[in-house]
Amino acid sequence: MLEIKNLHAEVEGQKILRGIDLTIRDGEVHAIMGPNGSGKSTLSYILAGKSDYEITEGEILFNGENLLEMEPDARAAAGVFLAFQYPIEIPGVGTMNFLKTAMNAQRKARGEPELTTPDFMRRVKEAAQTLKVSQDMLKRPLNVGFSGGEKKRMEILQMALLTPSLCVLDETDSGLDIDALRIVSEGVNALRSPERSFLVITHYQRLLDHIVPDVVHVMSKGRIVRTGGKELALELEAKGYADYVSEEAA
Amino acid sequence: MAEATRIRTKAEEALANHFAALASDDAAAEIRNAAFDAFLEKGLPHRRVEDWKYTDLRALVRDVPAPAQPAAFDASRDALARADVFAPLAPARIVFVNGFFVPSLSDTKGIEGDVEFVSLNRFLADGGSFLSRSQLDASESPILALNGAFVRDGAALRIREDAKVARPLEIVSVFAGSEPGLQTMRHQVMVGKGAEVTILQTFSGPDGVAYHTNVVSEVQVEAQAVVRWIVAQEEGDCAIHLNLLVPRLADDVTFDPFTLASGSLVSRNEVRLSFDAEGSSASLRGATVAKGKQLIDNTLVVDHAVPNCASREQFNSAIDGEAHGVFQGKIIVRKHAQKTDGKMMSRALLLSEEAEFANKPELEIFADDVVCGHGATCGQIDEEMLFFLRSRGLDKREAERLLIQAFLSEVVAEIGDEAVAECLDERIRRALGAPASVTVGEAT
Amino acid sequence: MPAVQETIEQVKLLDVDKYKYGFITDVESDLAPKGLNEDIVRLISAKKGEPDWMLEWRLAAFRRWLTMEEPTWARVDYPKIDYQDLHYYAAPKLRATATSLDEIDPEILKTYAKLGIPLKEQEILAGIRKPDGGDVLEEAPGGEYASGRVAVDAVFDSVSVVTTFKKELAKAGVIFMPISEAIREYPDLVRKYLGTVVPASDNYFATLNSAVFSDGSFVYIPKGVRCPMELSTYFRINERNTGQFERTLVIADEGSYVSYLEGCTAPMRDENQLHAAVVELVALDDAEIKYSTVQNWYPGDPEGKGGVYNFVTKRGDCRGRNSKISWTQVETGSAITWKYPSCILRGDNSQGEFYSIAISNGRQQVDSGTKMIHLGKNTSSRIISKGIAAGRSDNTYRGLVSANRRASGARNFTQCDSLLIGDQCGAHTIPYIESKNASAVFEHEATTSKISDDQMFYCLQRGMSQEEAVALIVNGFVRDVLQKLPMEFMAETQRLIGISLEGSVG
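Protein chains in written order, with the working numbering: chain A, 1 to 250; chain B, 251 to 694; chain C, 695 to 1200.
None of these hints come from the bench; they were simulated from the model.
Treat the hints with care, as some may be off.
Pairs of lysine-lysine residues, derived as PhoX-like cross-links and limited to a Cα-Cα distance of at most 25 angstroms, are as follows [claimed, not checked]:
1. B/K443 x A/K50
2. B/K589 x C/K1144
3. A/K50 x A/K108
4. C/K1144 x B/K585
5. B/K443 x B/K359
6. A/K108 x B/K593
7. C/K1065 x B/K303
8. C/K917 x C/K999
9. B/K303 x B/K292
10. C/K1144 x B/K593
11. B/K585 x C/K999
12. C/K860 x C/K741
13. C/K860 x C/K774
14. C/K774 x C/K861
15. B/K292 x A/K151
Label pairs and their computed distance ranges (CB to CB) [unchecked claim]:
16. C/E997 x B/V621: 29 to 39 angstroms
17. C/G918 x A/E3: 45 to 55 angstroms
18. C/R1100 x B/R312: 26 to 36 angstroms
19. C/L760 x B/R312: 51 to 61 angstroms
20. B/V621 x A/E3: 55 to 65 angstroms
21. B/R312 x C/Y772: 54 to 64 angstroms
22. C/L753 x B/H586: 48 to 58 angstroms
Over the 12 angstroms line for every Cβ pair with chain A, so calculated as not near, a few chain B residues [stated by the list, open to error]:
23. E263
24. L330
25. P338
26. S384
27. G427
28. D632
29. E633
30. K646
31. R647
32. R651
Each residue gets a CB set at the ideal place from its N, CA and C atoms; glycine is no exception.
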């Protein structure tokens, strides 16, 4: 599904990623853990196509296609979804209007017919129920006045409705209490399937208790410094990142 | 001739000729002469006149067409078909075509008990008493001076005391025909004590015709009345549109004017509001969509002459193409107008390399116990929002359109009447070049 | 809060004579006859021993001025000025040209000492003058000088009387001298820059200045030089019925830096004194100029009698890439202030700043602000203006921020706050914000309010008097700007705020 080869990236001349290699196959769940500032969020933004980063070396193939050459909306239509660490508030854009516009834009790009209003309503209603997203939230402008937990649930709701093939979750657990974490994780787990892959970026192990990964990577100073099974996450939780930070420094 | 020395431009010369050609047996001749004299004194305003710094009529108005003639019925009816902004509200309608009241196209059913209406040309015939009753001084504004000189018709409306007018009332102005003309209207509205009413004022006309519209509305709002005054200016793309709204508020009034401006080549939407008694509040808002070579000017003067009043001014503008947007807002707080609360905000989005915007928010304050402020911003569409939308699959154009729509709708939503807001949102969508929307309601 | 305490004491001390600097120096002076005509212009030029091109420049300005009309757009009101009823040249009678302090009239030196200007002391510190070197001066009263090293050019009425630290500055290649001298000694340099930022035809008062300016300061900082000390000019109007027309020209060559301070006082006079100065700043590539003013001209008495008309044109040209010009002003004096220190952001990546405190009391009228003209790419500007109106004064902020079509990436932030003390004064905010470039981002905020009753009550409850509380709160209100001032001016400003607002509450 996703192949990242020797990816180097910088912002305003400052190197953030220094050679990332990562392959995710269909249906796999990968977790990337690492200390703050290791470049985890940068990687997620680069996958989604944010223009602030300069790719100085390397490539990203998504189902064999060169992802870096695609516009952000083309990537979305091709099946890349980023659940933002800080979802953007858009005053004046009603949530329902936003959802419908996004779903139809992707359908259009894929050559599928637009959703009828009843069909759209049914899908939103189902997903909203699972994720405990209230009618009131759906009526408000997108993310405006939402709590941290509400924003994250709204991200997962969009993920459910847009049916992507690669889901990138950027610190989705940050700012969530234990109940919200459970709801969000259940939402994610419900979407797991052999055709859908996940890249879960997190600082803490606790999210991985709920969303159990196949592979865990440790990232530090712009590189993946260790890769292992889900037990690696537990080890990190116990020992912290100190080893990786100092190892790099040495 | 004395006039000749005062005429500076071709447009002024045209105005002088048209004025001279007006029927001299007009009973209001004396008032007209005084008004035209006031106009000639200063002529068309230009950039060195502070109030018109950014809307230089001397440069923008090359010629002025002769006063328009009444249109034939069929042409009037066809022209009216496009004036459908508020059709979903099924408002009562007082229709003016080319500046003349057309009873056969008007409809005031169901509001007769609450609203008295008389066409003003009746008063013109008997000596223009309404003009002489007007408290406006023609020398204060070139719009007003020209209006006094050329006015042919208008609406005199009285909303009865304590009337709760359920059906909105629309004052429609359409221009009909393919020949340019000058249409001039004066409305006088009296809202009785404790009355509640929504007045809609719409303007439309054909593209490609360089007609002129000049309209002045004097509104006297009595105590405890609640008034929404919604303007939708969708004039044809070659029109010159000059609109002056002068509300005077008694005590404990709520008066909320809104202006959607998307039409005309050059338009000036000016509101001069004064608080004459305590305890009132006014929210002046507007949304502007300009493109091509349009110039759209929103000018406000809010005069807090008495204590304990509150005003809000909020205008959002989206400027595309080579268009120019102008916002001038002045909050005056006079001596002794203590406890005044005034907040003004003007925000502009520039959507193309050639678009321009001028912001001039002013505070003029002579009382100390006040809370007043203003803000102004000018810039581009927020990059973060744009990326977010694109990451959800919207292409660049659609994401931009959605954000511009949201930016403008934000002010529309503040009107606090969903039905009215929906009508305006739909027109904004249209002005932004989007297909008509499918309303997405609540999941049921 | 020592500053507040100082303020309070200052106010008490000055209870009778509120205006600290309202003394008159008794010194013989050389006065041109009243009135303005070409002969006066020639006389001024001749007194200065100017080259022909300078005289021609003045005459052209004078002829131009005759065709101009006095501007009326500002929110100020004053009786018509009779330009023929003024002296256009007044100089203290010198024993030839002063080359050292010995030759300066001791009365003048005493005046500057009263103003707290460290002329003599600084020279001693600098080693130019030995303490035992036959000092003819008595120790000036109140001669405790600031400890920072500041080179001073002192302008008395229309004439620069002394410039300190010349030699040490010369070592660094810095030229700091009266402009009259610079015209003679560095004609090419002056000619290259004079009138290029404020053209002789710019506006009524600037054109008048171009015709009759008599002196002022000239500064040139060579390439790559960081000026080793603060430069300072003190202006003093002394003579009756005199117009003061200084001309200041500061040039910061590539990669250089200079901080320049300007202070102004005038004696108490019943009649109005006219002051129409022009300041031009030029910053070339990577250069930075910081220009600070404390303006404390005599404001007139509480009924509005007397006081200085301060009609000043100040403009900086960020001509080079990455250049920066920063204006900081504290305006507490003058009957009328008409002043808009501006920045032309011509070089790519150039920056302009304007930090202002304007206090008006009594019958003072202030119409002041700035212009930030964005012409180059990625230019940025910042405006912080704090206006305080008390008594029966009017205080107007008037500002322009504009982005030219090619000024892509321009940024401006403006914060403009007004504070009203009492219900007889007015505070006005008139910003013009004009964007002709879609990528320009302008943000403007303004507020007007009074001192909050809660804050006042809190201070009073803690034992402060009304005036102490007002001084404290106003000092807090202007804090953002205060911090931008050089150290020497900060304490002075805090004192001035207290003095200026004396009598505003009660």
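Cross-check of the supplied hints:
no., hint, result
1, B/K443 x A/K50, "violated (58 angstroms)"
2, B/K589 x C/K1144, "holds (11 angstroms)"
3, A/K50 x A/K108, "holds (22 angstroms)"
4, C/K1144 x B/K585, "holds (14 angstroms)"
5, B/K443 x B/K359, "holds (23 angstroms)"
6, A/K108 x B/K593, "violated (44 angstroms)"
7, C/K1065 x B/K303, "holds (17 angstroms)"
8, C/K917 x C/K999, "violated (48 angstroms)"
9, B/K303 x B/K292, "holds (15 angstroms)"
10, C/K1144 x B/K593, "holds (16 angstroms)"
11, B/K585 x C/K999, "holds (24 angstroms)"
12, C/K860 x C/K741, "holds (23 angstroms)"
13, C/K860 x C/K774, "violated (42 angstroms)"
14, C/K774 x C/K861, "violated (45 angstroms)"
15, B/K292 x A/K151, "violated (59 angstroms)"
16, C/E997 x B/V621: 29 to 39 angstroms, "holds (32 angstroms)"
17, C/G918 x A/E3: 45 to 55 angstroms, "holds (52 angstroms)"
18, C/R1100 x B/R312: 26 to 36 angstroms, "holds (29 angstroms)"
19, C/L760 x B/R312: 51 to 61 angstroms, "violated (36 angstroms)"
20, B/V621 x A/E3: 55 to 65 angstroms, "holds (60 angstroms)"
21, B/R312 x C/Y772: 54 to 64 angstroms, "violated (41 angstroms)"
22, C/L753 x B/H586: 48 to 58 angstroms, "holds (53 angstroms)"
23, E263, "holds (47 angstroms)"
24, L330, "holds (31 angstroms)"
25, P338, "holds (18 angstroms)"
26, S384, "holds (40 angstroms)"
27, G427, "holds (39 angstroms)"
28, D632, "violated (8 angstroms)"
29, E633, "violated (8 angstroms)"
30, K646, "violated (7 angstroms)"
31, R647, "violated (10 angstroms)"
32, R651, "violated (10 angstroms)"
Consistency note: the structure conflicts with the earlier hints numbered 1, 6, 8, 13, 14, 15, 19, 21, 28, 29, 30, 31, 32.
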